[in-house]
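Please build the complete structure, drawing on both the sequences and the hints.
Residue numbers (the working numbering), protein chains in the order written: chain D, 4 to 298; chain Z, 99 to 350; chain S, 260 to 497; chain W, 15 to 332.
In case anyone wonders, no lab produced these hints; they're calculated from the structure. Please read these numbers as outputs of a predicted model, since none were measured by experiment. There may be inaccurate statements among the hints.
Rough simulated footprint, nothing fancy, chain W against chain D, three-plus residues with beta-carbon under 8 Å [claimed, not checked]: (1) 10-16; (2) 112-125; (3) 230-239; (4) 262-275.
Some chain Z residues flagged as far from chain S (calculated, every beta-carbon gap over 12 Å) [said to hold, decoys possible]: (5) 162; (6) 169; (7) 208; (8) 222; (9) 295.
Some but not every residue of chain Z turned toward chain S, in silico, with C-beta under 10 Å [stated by the list, open to error]: (10) 253; (11) 254; (12) 331; (13) 333; (14) 334; (15) 343; (16) 347.
Built from N, CA and C at the ideal position, the CB exists for glycine as well.
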Amino acid sequence: MTLSLVLQAIFAGVTNGIVYALVGMGLSAIFKGSRVINAMQGEFAVIGAMTTVLLLTRTGWPYPAAIAGGAVAGALVGAFIEVAFVRYMARKNASEDSFLLLTIGLALTLSASVLFFIGRDGHLLPPLGGEGVLIILDAVIQFHALWLIAIGIGATLALRAFYHRTTIGLSMMAASIDADGAATTGINVGRMRTFTFVLGGLLGALGGILVTPLIGVDYQLGLNLTLKGFAAAVLGGLTNPLGAAVGGLTLGLVESLAIIGISSSYKDVVAFSVLIIIMILMPQGILGRAGRRGG
Amino acid sequence: MAEPLLALREVGHSFGGLSVLRSVTFDVPEGGIIGLIGPNGSGKTTLFNIVTGYIRPLAGTVTYRGAALGRDTIQQRGLNGLVRTFQTPQVFEQMTVLENVMVGCTKLTRTTMLQDLLRTPASRGQMREIRERAEAGCERFGLTALRDLPAASLTAGQRRILEIARAVVGEPRLLLLDEPSSGLNVQEIDDLRDWIVRLNEEGITVLLVSHDMGLMTVARTVHTLYFGEIIASGDMAAIQRDPRVREVYLGV
Amino acid sequence: MLEVTSVSAGYGALTVLRDVSLKVGDGEAVALVGANGAGKTTLVRTVCGLLRARGGRIVKNGTDITATPAHDLAQHGLAVVLENRRLFGELSVRENLILAETVGRKARGADMRFSWDEVTALFPVVKERLASPVELLSGGQQQMVAIARALLLQPDLLIMDEPSTGLAPKVVKDILLVIKALRERGMGLLLIEQNVGIASEITDRAYVMSVGSIVHEIGPGEWQSFLTDERLVKAYLG
Amino acid sequence: MKPRTLPWLALGLVVWAALPFIVPRYMADLLVFTGIYTVAGLGIGLLLGHCGIVNLAQATFYGLGAYASAYCTVMMGLPSIVGFIVGAVISMVLAYVIGRPILRLTGYFLALGTLALSAIASALFFEWDWLTGGTLGIGGIPKLDVFGFLLDRPSRYYFFVWIVAFACMAVAHNLVDSRTGLMLRSMRDSSTAAAALSIDLQALRTKVFVVCALFGSLAGSLFAHHVSFVSTQSFTVDRSISFLLIPVIGGATSIPGIVVGALFVTFLPELLSKLGDIHQILFGLALVAVVVLMPEGLVGAFGKLRTRFAKREGGGHG
Numbered sequence: 004m005t006l007s008l009v010l011q012a013i014f015a016g017v018t019n020g021i022v023y024a025l026v027g028m029g030l031s032a033i034f035k036g037s038r039v040i041n042a043m044q045g046e047f048a049v050i051g052a053m054t055t056v057l058l059l060t061r062t063g064w065p066y067p068a069a070i071a072g073g074a075v076a077g078a079l080v081g082a083f084i085e086v087a088f089v090r091y092m093a094r095k096n097a098s099e100d101s102f103l104l105l106t107i108g109l110a111l112t113l114s115a116s117v118l119f120f121i122g123r124d125g126h127l128l129p130p131l132g133g134e135g136v137l138i139i140l141d142a143v144i145q146f147h148a149l150w151l152i153a154i155g156i157g158a159t160l161a162l163r164a165f166y167h168r169t170t171i172g173l174s175m176m177a178a179s180i181d182a183d184g185a186a187t188t189g190i191n192v193g194r195m196r197t198f199t200f201v202l203g204g205l206l207g208a209l210g211g212i213l214v215t216p217l218i219g220v221d222y223q224l225g226l227n228l229t230l231k232g233f234a235a236a237v238l239g240g241l242t243n244p245l246g247a248a249v250g251g252l253t254l255g256l257v258e259s260l261a262i263i264g265i266s267s268s269y270k271d272v273v274a275f276s277v278l279i280i281i282m283i284l285m286p287q288g289i290l291g292r293a294g295r296r297g298g
Numbered sequence: 099m100a101e102p103l104l105a106l107r108e109v110g111h112s113f114g115g116l117s118v119l120r121s122v123t124f125d126v127p128e129g130g131i132i133g134l135i136g137p138n139g140s141g142k143t144t145l146f147n148i149v150t151g152y153i154r155p156l157a158g159t160v161t162y163r164g165a166a167l168g169r170d171t172i173q174q175r176g177l178n179g180l181v182r183t184f185q186t187p188q189v190f191e192q193m194t195v196l197e198n199v200m201v202g203c204t205k206l207t208r209t210t211m212l213q214d215l216l217r218t219p220a221s222r223g224q225m226r227e228i229r230e231r232a233e234a235g236c237e238r239f240g241l242t243a244l245r246d247l248p249a250a251s252l253t254a255g256q257r258r259i260l261e262i263a264r265a266v267v268g269e270p271r272l273l274l275l276d277e278p279s280s281g282l283n284v285q286e287i288d289d290l291r292d293w294i295v296r297l298n299e300e301g302i303t304v305l306l307v308s309h310d311m312g313l314m315t316v317a318r319t320v321h322t323l324y325f326g327e328i329i330a331s332g333d334m335a336a337i338q339r340d341p342r343v344r345e346v347y348l349g350v
Numbered sequence: 260m261l262e263v264t265s266v267s268a269g270y271g272a273l274t275v276l277r278d279v280s281l282k283v284g285d286g287e288a289v290a291l292v293g294a295n296g297a298g299k300t301t302l303v304r305t306v307c308g309l310l311r312a313r314g315g316r317i318v319k320n321g322t323d324i325t326a327t328p329a330h331d332l333a334q335h336g337l338a339v340v341l342e343n344r345r346l347f348g349e350l351s352v353r354e355n356l357i358l359a360e361t362v363g364r365k366a367r368g369a370d371m372r373f374s375w376d377e378v379t380a381l382f383p384v385v386k387e388r389l390a391s392p393v394e395l396l397s398g399g400q401q402q403m404v405a406i407a408r409a410l411l412l413q414p415d416l417l418i419m420d421e422p423s424t425g426l427a428p429k430v431v432k433d434i435l436l437v438i439k440a441l442r443e444r445g446m447g448l449l450l451i452e453q454n455v456g457i458a459s460e461i462t463d464r465a466y467v468m469s470v471g472s473i474v475h476e477i478g479p480g481e482w483q484s485f486l487t488d489e490r491l492v493k494a495y496l497g
Numbered sequence: 015m016k017p018r019t020l021p022w023l024a025l026g027l028v029v030w031a032a033l034p035f036i037v038p039r040y041m042a043d044l045l046v047f048t049g050i051y052t053v054a055g056l057g058i059g060l061l062l063g064h065c066g067i068v069n070l071a072q073a074t075f076y077g078l079g080a081y082a083s084a085y086c087t088v089m090m091g092l093p094s095i096v097g098f099i100v101g102a103v104i105s106m107v108l109a110y111v112i113g114r115p116i117l118r119l120t121g122y123f124l125a126l127g128t129l130a131l132s133a134i135a136s137a138l139f140f141e142w143d144w145l146t147g148g149t150l151g152i153g154g155i156p157k158l159d160v161f162g163f164l165l166d167r168p169s170r171y172y173f174f175v176w177i178v179a180f181a182c183m184a185v186a187h188n189l190v191d192s193r194t195g196l197m198l199r200s201m202r203d204s205s206t207a208a209a210a211l212s213i214d215l216q217a218l219r220t221k222v223f224v225v226c227a228l229f230g231s232l233a234g235s236l237f238a239h240h241v242s243f244v245s246t247q248s249f250t251v252d253r254s255i256s257f258l259l260i261p262v263i264g265g266a267t268s269i270p271g272i273v274v275g276a277l278f279v280t281f282l283p284e285l286l287s288k289l290g291d292i293h294q295i296l297f298g299l300a301l302v303a304v305v306v307l308m309p310e311g312l313v314g315a316f317g318k319l320r321t322r323f324a325k326r327e328g329g330g331h332g
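Next up, the structure:
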């Protein structure tokens, strides 16, 4: 095992980790605000990436506008799902399992829609910052990956600021901490739940857009990202979106360092084994109870 | 004096450094009805959970039938005849009334899952026995007319009786009732009181936790808990006269 | 100002309140007393919109608010301090208060009844700990934050559910002082209290609740004689 | 048995026996799949409807059964029955070993834990090509031969599969109707009260998980002998999800509901596929509609309609 191999694995791990973090932060934001595990979180990534691809190739929008369009599409779908399904089912006191099945059904529908309307082929987006690469000790890192890391960190900090510095962010946190206390403080708890789905859609879409220049997007991408995002969120303690950022990075690093020298398809085996073990042994996530605050 | 059925010695507990129980000591004699009252936050629920095995006490011992309960699980305590009910009646909502009572009888019989999968004669025989016992239980508690209804359709009072019937068919020695009158109307509380007396006369020892002073008159001894300590004990008439109890409850 | 008429309410198969009626006049302080499990908290939840009434009417300042959701009640001048305070423990004191202030400002516009400065002046302890997460405060301090939060909603009627529960007598005294100060400013008060000693100290009259119904009404001036009344003992101790 | 149900039962039996001969061959094939999926779905139904556990790992045991049969018959030349037994034993042991820790989880964690399990198994099936043949798979699995009677056509295999399915349904019914079944349902409705009545939740859950794995493995072996060729594509996470849909759609608490669900997941995509590629979207929407509008599944919804209808009728006469 050479140093450059390890370094290469670290680069890959951080890059993947940021994507897992974004998907996981969205999943965690939705869980925090609605107690729903969104099994179609990865589909937000597909929606964001595919919308960006379409806006770029079919309508000729400039790249930054297309990216914004993709992110907005994720947010809108999030809002739609809350208003059209979750709200109705929450009023009927649906069980955890029903919400899980609902979002699995939505994931199947969305993935099939992409297959039907866009096709089986994968699509790539142009890398941010061009095709260039940075070489450190024989390890290669694409400029795009650097952009991805920067944007991912920026989004995490922005999320933190949103939760603590804006009235809506504070209201969303308040509603998730104590719904009755929030309602009697004049916060519309139902509307905050819609906003958490908007936020979740936005973060998921962003993750999808950023990963597409590296691995491409197709109709099957969603499920795997959902599982990785869930693993990231569980590592972070599930109700703490910022914990999910730490969880995502950890997961990315663990899976890429664990498979140095063996077949890369063991990556998923490592990631999901870590998920199961953490759930059983550390249900509070790797940050423990302390990690609950500050999300 | 005979050995008590249940004995608490110096039981203490705290949550996050906040002490909620401080050296609580009392006995539940075989065949008695013992009451436990106290305002909100006085530690009643914690004490109840310690006796039933949901929480392990941080100090002191709980002895049942002469042996320390220690690390016995909820299930082991149940098999030993120590059975509880819940503040909000926990009936099995999607099952019928009869099936609910049948679940209460399952601990009296043993079959392996393989026998049940293959419906062996032993499995069928045990199921028949469970059903007969449960039918008798329904009859006895006046639930026969309701037996084929799903438990979800019962009123609060019926749920309470069902919960008690389900516990009693399992032949408990010590029945722990947690706020059994909550949510009941005056008539239902009267019925409940009659049931407690009747079950006690049949030899079931009762530990009753409630803030319903009317119901508490069935208890021979009532212990008043306040900030984790027993501040008064005696029958209900004595408790009502006790100045400390008046101060704690009424503030005057 | 607040008029509750023949309200009934409950949870699922449970009926907790049966035909409850009571009134709180302008600037009046009224207590609702009764033993545990009498249905006091259910009444609070029904009045403040957290639980839908199954029958009856709730009217505030002439407006029917029976079906008004909890988050709109600030617009009708109603604020509540729920049992156990229900603060946002992970958020700082300032964040807890900002949320209420924003809502209060929206409800009252420029015509604020309680400014930020007034409220923080009323609670020096709160002012000192603005940056701390609420969950690190003592029970008494948390109760102060809860009252401050309710005041920033700019109510003319404050409902308080068991503000003294679990607090040391000294702390309870401090809270009573605050409530008295608010009364002097003309604030209406509906106090839900198990402890009649405390209730009698700061309210004009009272209702006694037992098993989901109002069983006695204590008129103005009758408090002192009622404290030693056997009817009261009976409502509490059977 | 009530005398009224007897003629219906006889009629059902006749239809069942005649079905493979009167429908087109591709439908007979689908009916075989329905039987196989019924076996796999029964286990999921027991867990979901009677224990309140969402199991998204059934493709793992389905795959183990299929590969055991394929490996034993093709690579080792052993009789088919050995494959069935090896698959069942491995599945049950694995279910026990994994089930004990993983069933300590509840709710979402358990559901997603089993999904992760399925994803791991799917990756390992792909990776261990010395055993599974990887994406190339294992071909040439012989048709079953029962007492000299070669089941080489769908219409013949149909009877064998459905006899197995009925046997499994009978076993599942026995379980539901027994003391164990009572304890399971009580645990589903209120685990706290069940524990207070001395029911050992953990042991029960693990045992049912093992039974579920046994059914999954059995279905996998049946599948391998039906299609003669197994490869990793048949045992992915998607397959686990579609197995879960069987009890969800049909109604998890009812054993006939499992057959309804199995019919739904085998026939609906096929019928919708006449509409072109849009069929997968419609399938997804159908699932969403069932979850949102009929939380008790199709059988539950029919039951409700029937009671409502009966009530209205009763009201009209009385």
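### Query
Going back to the hint list, which numbers does this structure go against?
1, 12 and 13
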